[in-house]
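Undergrad: Sequence:
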Amino acid sequence: MSAKFTGPVRRIETAKGHYYKDANGHRIPGVTTMLGDGVPKPALINWAANATAEYAVDNWDQLTELQPSARLKQLQGARYAVTDKAKKRGTEVHGYAERLVKGEQIQGIPDELRGHVEAYVRFLDKFEVDPILVEATIVSYRYGYAGTLDLVAEVTYQKQRRRLLLDAKTNEKGIFGETALQLAAYRYADFYLDADGKEQPMIEVEGCGAILISSDDAQLIPCTSGPEQMKSFRIAAAMRDIVNSSRDLIGAAIEPDDPKPSTARITYEETK
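Residues 1 to 272 in UniProt numbering are what the sequence shown spells out, letter by letter.
Derived from the structure by calculation, the hints contain no laboratory data.
Hints are supplied without guarantee of correctness; some may be wrong.
Claimed, not checked - Pairs of lysine-lysine, DSS-like flavour, derived with a Cα cap of 27 Å:
hint, residue 1, residue 2
1, K88, K102
2, K41, K102
3, K173, K231
4, K41, K73
5, K198, K126
6, K73, K16
7, K102, K126
8, K21, K88
9, K102, K198
As the list claims (entries may be wrong) - Restraint-style ranges between C-beta atoms, simulated for each label pair:
hint, residue 1, residue 2, range
10, R163, V57, 45 to 51 Å
11, D125, D241, 41 to 47 Å
12, K73, E135, 35 to 41 Å
13, R114, G17, 46 to 52 Å
14, K41, A195, 33 to 39 Å
15, A70, S245, 49 to 55 Å
16, E228, A70, 46 to 52 Å
17, N59, K88, 19 to 25 Å
18, K73, R142, 42 to 48 Å
19, G36, L249, 20 to 26 Å
Quick reminder that beta carbons are idealized off the backbone N, C-alpha and C, glycines included.
Based on the sequences and whatever the hints tell you, model everything.
TA: Printed below as a string of structure tokens:
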């Protein structure tokens, strides 16, 4: 990664999510995308196989009524239905979390998310959370990435007031190790965008952590996100670059100068 982008950065919203551009319109890689492409996930292969198998068992009768091609299509999309549901829940919980930490009043919470929201409210009260940055875009021109942090806040635990960089998660499996790399990338960014869209030097924090939100609890999970983890993030980003550029290392087949030579080096006799 290198400093190849020009400020200021802009976050562009789309129907499917968001991305980042610099002042010249060049797209800046996002932190989570870089980690998603650069960190191997062998467990994901087993999960996808198990999710498909479980769907087949749970929906056996309905599948047998389908034509083979339709049955195959249904099975191929089974695991995405699971991940799409989880992503939707995570996005909605993040939205409520952002509004809550800003002190907004929330109404009309869906029943399936009420437990998550109430757990987060208790978390804010128990840890005396005082927000400094909420859903702020960050950028590193030095290393060439951008992203959106969830929260920088003053929190109280173990009878001390601390300034932490926090990321909210709703993963049922808990907090994955790459979250520490994600937080390191945010922590060591060059700038964040203030409410007016102007770049400000990134705020220093004493530590990093994840807020693991479930339907009945919200836990503060400490993450080691220091200089070594920043190095690991850069390695993951480099691996992503290698994967993305490796296809350009293979050229087209080389054609011979004489595709139909007059004589062959070896003549084979036909076998009877």
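Undergrad: Is the Cα-Cα distance between K102 and K126 27 Å or less?
TA: holds (16 Å)
Undergrad: Under the criterion that the straight-line Cα-Cα distance not exceed 27 Å, is the pair K102, K198 satisfied?
TA: holds (20 Å)
Undergrad: Would the pair K173 and K231 pass a check requiring their Cα atoms to be no farther apart than 27 Å?
TA: Roughly 26 Å separates the two Cα atoms, so the pair holds.
Undergrad: Taken at face value, is the distance from the CA of K73 to the CA of K41 at most 27 Å?
TA: This hinted pair holds, its Cα atoms lying about 24 Å apart.
Undergrad: Using the Cβ atoms, figure out if G36 sits within 20 to 26 Å of L249.
TA: holds (22 Å)
Undergrad: For the range 49 to 55 Å, tell me whether the beta carbons of A70 and S245 fit it or not.
TA: Given about 39 Å between the Cβ atoms, the range is violated.
Undergrad: Regarding N59 and K88, is the given constraint of 19 to 25 Å on their beta-carbon distance met?
TA: holds (21 Å)
Undergrad: Verify the proposed pairing of K88 with K102, using a straight-line Cα cut of 27 Å.
TA: holds (22 Å)
Undergrad: Are K73 and K16 close enough, with their CA atoms no more than 27 Å apart?
TA: Distance ~23 Å between K73 and K16 Cα, so the pair holds.
Undergrad: Is the straight-line distance between the alpha-carbon of K198 and that of K126 27 Å or less?
TA: Distance ~33 Å between K198 and K126 Cα, so the pair is violated.
Undergrad: Should the hint that D125 and D241 are 41 to 47 Å apart at their CB atoms be regarded as holding?
TA: holds (44 Å)
Undergrad: Falls inside 35 to 41 Å, the C-beta gap from K73 to E135?
TA: At 37 Å between Cβs, range holds.
The structure fails to meet hints 2, 5, 13, 15 from the earlier list, while all remaining hints are met.
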